[in-house]
Amino acid sequence: MNFSIYDFTEFIRSIHFWLTGIFSPGLADVIGLAIIGVCFLLFVTLLGLSLVYVERKVAAFFQQRLGPMRVGFWGTAQTVADIIKLIFKEPLVTKNSDKFLFNLAAFIVLIAPFMVIGAVPFAKGLHALDFDIGLFYITAVSSIGVTGILLAGWSSNNKYSLIGAMRSGAQIVSYELSVVLSLITIVVLTGSLQLSEIVASQSDGWWIFKGNIPAIIAFIIFIVASTAESNRGPFDLAEAESELTAGFHTEYSGIRFAFFFLAEYVNFFIIAAVGATVFFGGWMPLHIGNIEFFNNAMDVIPPVIWFFGKVVVLLFLIMWFKWTFPRLRIDQLLTLEWKYLLPISIVNILLMSLVALNGWHL
Amino acid sequence: MELIIFYILVAGILISSVLTVTSRRILRAAVYLLFMLLGSAGLFFMLNFYFLAAVQLTVYAGGIIVLIIFSVMLTSQVNEKLEAAGIKKSLFSLIAVAAGTVVCISAILNYNFPAVSSAENDSSMRTIGLQLLSYKENGYALPFEVISILLLASMVGAIIIAKRDVSK
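Protein sequence lines, in the order shown, are assigned to chains B and Z. The first sequence lines up with residues 2 to 363 when you count with this note's numbering. The second sequence lines up with residues 243 to 410 when you count with this note's numbering.
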């Protein structure tokens, strides 16, 4: 096996040949799929555990506390302890709820992030799904997630859950528009929705630098709208503790509550990953035009590290929002989307088309 | 391998579509409908019609179903059940369903599907985009524009209906 940290295409192909050499072609396909599935499951679990820990630490530092410190070195094992506790907790179901939908909702919220994460390009060749509609696929699939939240709120038979679900439904459905429009602004430049091509088109510079002013406006709209779409603070009024206890997942406990939590953090990661891929070149190292020595020096750092580095920076930026800005009211939230972000992003697409037609971008 | 996935998807579609019409809880019916639509999106993915599959997911699973769930949420309670259909109603719907099945199956059996080469069947995003805005032969620029005017008109209509009470 020829393993290279810079290009996974050969490595994946050699695994495939190795599998087909041992098993019959049909069985090899099944085993290959199973391996990919297990990898993603492990990745998502580790992601959830580490993101919760990081979030708690970041929040603590913003509030001049230390955060979890007792379990493990600097509290690193805290989330593992938490998840073990959640697994052993009794999953309560309220008496007059629709039990079937109540149980199903926790799984539906997990469907969308699992389907999307396969389309994320982690490094060259490390890419499970590469459709020619890549970006459209991501936005299409992530629109399913809201169903789970609505069902959870309704089937709990609790007024706080219902109000929380209504709020978050209205929020997700409206902010989806701005997210998609801001992504389309960059698609005007790339001329392709395929994620591998979007990454390849940034080999001489990332779109945030090459795309002139409209790209920067699009990025700001993207980061605001996607923070709102994932129900994160300062837009977390769907689960505003002080008024709605915990919003749509008030009645959930034990492992089902963990599912909601996990879905939220995986969505959080996906936003950062999509933002990094479209605006910051994904796994593409920082290249400036055709300056050979600089580009070669940057290529020394493996693409995986570039990708996760960009994702971590974006994640930190969004956490920074959450722990800095006060929470919005529902009418302020909807005004922000429909009266400001949506018109701005439509005008921004026109501006970007003008830039692309006149070749004002790099 | 493909065949197994196909049968799983088809079984899912059939079971959930039957449950959609037989369920007496309206929100459960909406959820079964969601599974039916997801299954058919899966079929489109198997046929390599990625664009159609993604449209199915955004428009139906992410749009229509969310609208249905929203309206059900605002109008009904968790414990509400629809009353079971009477014998007369079930009999007539059974006849209608049987007639529909016969018509569909006979139409499918009598039509000999011509084999289409993959070149003719080009459904890549680029081709769809160019075709949609082309005004030459086989272009869809006119229907595209007409539909956008229809959409604008219905949006204006929706706003006027929603606003009517305020002006009084």
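You may find that some hints are simply not true.
Claimed, not checked - Simulated crosslink set (SDA-like; lysine to any residue; CA at most 25 Å straight-line):
1. B:340 x B:327
2. B:100 x Z:373
3. B:96 x Z:397
4. B:160 x Z:318
5. B:340 x Z:317
6. B:160 x Z:317
7. Z:323 x B:72
8. Z:323 x B:101
9. B:100 x Z:266
10. B:100 x Z:294
11. B:160 x B:329
12. B:211 x B:344
13. B:100 x Z:389
Bear in mind the hints are in silico, worked out from the structure with no lab data behind them.
For each hint, the structure was consulted:
no.: 1; hint: B:340 x B:327; verdict: holds (20 Å)
no.: 2; hint: B:100 x Z:373; verdict: violated (48 Å)
no.: 3; hint: B:96 x Z:397; verdict: violated (42 Å)
no.: 4; hint: B:160 x Z:318; verdict: holds (13 Å)
no.: 5; hint: B:340 x Z:317; verdict: violated (29 Å)
no.: 6; hint: B:160 x Z:317; verdict: holds (14 Å)
no.: 7; hint: Z:323 x B:72; verdict: violated (49 Å)
no.: 8; hint: Z:323 x B:101; verdict: holds (14 Å)
no.: 9; hint: B:100 x Z:266; verdict: holds (15 Å)
no.: 10; hint: B:100 x Z:294; verdict: violated (34 Å)
no.: 11; hint: B:160 x B:329; verdict: holds (21 Å)
no.: 12; hint: B:211 x B:344; verdict: holds (24 Å)
no.: 13; hint: B:100 x Z:389; verdict: violated (42 Å)
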